[in-house]
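If you read the sequences in order, they're chains A and B. For the first sequence, position 89 (counting from the first letter as 1) is numbered 89 according to my numbering, and the numbering increases by one without interruption. Add 287 to a position in the second sequence, counting from 1, and you land on the number used in my numbering.
I should point out that these hints are in silico values taken from the structure, not numbers from a laboratory. For each residue, glycine too, the CB sits at the ideal point set by N, CA and C. Hints should not be assumed to be uniformly reliable.
Unchecked claim - Computed spacing ranges between beta-carbons, pair by pair: (1) A:Asp238 to B:Gly446: 26 to 36 Å; (2) B:Thr297 to A:Ala86: 54 to 64 Å; (3) A:Pro230 to B:Gly391: 54 to 64 Å; (4) A:Pro230 to B:Ser361: 19 to 29 Å; (5) B:Pro448 to A:Asp255: 28 to 38 Å; (6) A:Asp192 to B:Ser361: 53 to 63 Å; (7) A:Pro177 to B:Gly300: 30 to 40 Å; (8) B:Ala406 to A:Ala86: 21 to 31 Å; (9) A:Gln56 to B:Gly391: 30 to 40 Å; (10) A:Glu240 to B:Ala406: 43 to 53 Å; (11) B:Pro448 to A:Ala276: 24 to 34 Å; (12) A:Asp238 to B:Ala406: 47 to 57 Å.
To be verified - Which residues of chain A face chain B? A few of them, derived with a C-beta cut under 7 Å, are: (13) Pro5; (14) Tyr8; (15) Pro39; (16) Asp53; (17) Arg109; (18) Gly191.
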Amino acid sequence: MKPAPFAYHRPRSLAEALDMLADLGEEAKVLAGGQSLVPLMSMRLASPAHLVDLNQVPGLATVDVGAEGVRVGALARHSQVEHDTASYDALPLLRQALRQVAHPTIRNRGTTVGSLVHGDPAAEMPAVLMLLDGSVTLNDVNGTRDVAATAFFKGPMETDLRPGELAVGASFRRPPPGSGSAFVEVSRRHGDYAMCGVGALVTASEGALSAARVCLVGVGTRPVLLDLAPALGDGVVDDEASAALVDAAIDPETDIHATADYRRHLAHVLVRRALAEARTAAEARAA
Amino acid sequence: MRETVRVSLTVNGSPRDLDVEPRRLLSDALRHDLRLTGTHVGCEHGVCGACTVLVDGTPMRSCLLFAVSLDGASVTTVEGCRAPDGGLGPVQQAFHECHALQCGFCTPGFVTTVTAYLAEHADPSAADAREAIAGNLCRCTGYQNIVAAVQRAAELSQGRPSGAADPASGASQ
C-alpha cells in the first residue's frame, strides 16, 4: 500500500509545466488533487515514472462565471466550485452533482478538472460536463485545443488527453432560460461511487417541457447522454417511451456492488426521479 | 539512498523541515519522520478517514497526499487539537464525556474532522453532525455517541452548558 518510487517535478509556471510534460511524454502523470491518482499509486495500479505537481503553478485555481457559462481551472478544488455562489446561480447542476462526489474531505483536495481527466464512468462530473455541452481545454507546448465532452470521454479511465498535454480548464455552458436540473444517485454507502447516477436537464415554459436530457453514470463504459425529445409529447416525458430509450442506451455490468439487472432497475427509477426534480427546479427558477 | 526533497511544513504551529522521498505519504511523514503517531493509518486509500489532518485548516486525508507536494503548508494533527494548557481540547473532552469511542483507532480522524467542522458550524443539529462525520468510519460505536459528542463539542467550544447534546438525543435520529 505504498506508491512505487517516482521522480518529482515541481513547475512554477504553466509554461514550465508544459515543457516538462513535452520532455517526459508518456512517462509522466500530472498531480493536481491526487484523490484518484494517489490511491491508484498506493495500490500499484499506477506507477508513473515521473509526477509533475501542478500545485505551485499560479493562476489555475480559478472559477470564472460569464455570459457563456462557468469556466473551471485545473487547480480549482471540488469544494471551491461547490461553494462558489455565482457558479451555483448560473449552473445549479454543478453543486447538485458535486455534493455527491465522495466526501467533503476528498472534495477539499480533489479537483473538478482532475475528475474529468480521470474519466471514471461512475463519476458525476463527466456526466455534468456532457449535460451542459461542456468542453475541456488541453494545452501543450505547441498550442491549445478545446475538446467537446461528447468526444473527450472515450471509455473507462480513457479520455482524449494525449501525452504531453495538460488539461488547463473545463467550460460548462449555460442552458437556455427556463431550464432546471437535478442529480440523483444510489450508492451502497454515503459518499461511495454510485451504482447508478442520473443527471437531468429540462427546459420548461408555463409548465410544459420543451426539452429533456439525461446523462447516466455507472451503467456503461462512459457517461451515457440521452436526449429524451422522442419521448416528449404534450409537454411531458412519456415514461414508457423514455424507459425504452434508456434501455437501448445503457449497458450495465454485474459486479460486487450490484447486478446488471439491479443497475438497469435503478436507471429507470432514477431517470424518473431526476426528471421530476429537474422540472420542479425549472418551475422554481421561473417563479 | 534514494533521492530526497526538502519540504518545509508548519506542524501544529512549529516549523519543521523534512527530507523526504517524493513517494512519502503525508501520513507516513507525520508518523515515521516526525514521530507524531496520533495520526492513524487505516485503509490507506482514502476510504476510512482515520488519517484525516487539517491542511491550512481544511480537513484532508493524509494518506492521499504526498508530503513533498505540501511545501509551505500548515498541518494540524490530533496532537494539535489539544487545549492551550495541554489538556483535552473541546472535541476530545466531548468524546470523553459522551463515550464516543471504544477502541479509539478512528478517533484522531474524527477529532480533526469535527474540529474543522465546528469552526464553521457553531450549532449543528444531529442530522448536521451525521453529515459532518459521514466520511469517517468507526467499527465500534455505532456512531450514536459520536453524533452526541459533535453537539457536545459545539457547546464546550462556546462555553455553553450541557443541553441538547446527550447520547439519547443522538440515538433518537
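Do the hints match the structure? See the list:
no. : hint                             : in the structure
1   : A:Asp238 to B:Gly446: 26 to 36 Å : violated (60 Å)
2   : B:Thr297 to A:Ala86: 54 to 64 Å  : violated (32 Å)
3   : A:Pro230 to B:Gly391: 54 to 64 Å : holds (58 Å)
4   : A:Pro230 to B:Ser361: 19 to 29 Å : violated (56 Å)
5   : B:Pro448 to A:Asp255: 28 to 38 Å : violated (51 Å)
6   : A:Asp192 to B:Ser361: 53 to 63 Å : violated (31 Å)
7   : A:Pro177 to B:Gly300: 30 to 40 Å : violated (52 Å)
8   : B:Ala406 to A:Ala86: 21 to 31 Å  : holds (24 Å)
9   : A:Gln56 to B:Gly391: 30 to 40 Å  : holds (37 Å)
10  : A:Glu240 to B:Ala406: 43 to 53 Å : holds (51 Å)
11  : B:Pro448 to A:Ala276: 24 to 34 Å : violated (45 Å)
12  : A:Asp238 to B:Ala406: 47 to 57 Å : holds (50 Å)
13  : Pro5                             : holds (5 Å)
14  : Tyr8                             : holds (4 Å)
15  : Pro39                            : holds (4 Å)
16  : Asp53                            : holds (5 Å)
17  : Arg109                           : holds (5 Å)
18  : Gly191                           : holds (6 Å)
Of the numbered hints given earlier, the model fails hints 1, 2, 4, 5, 6, 7, 11; all others are met.
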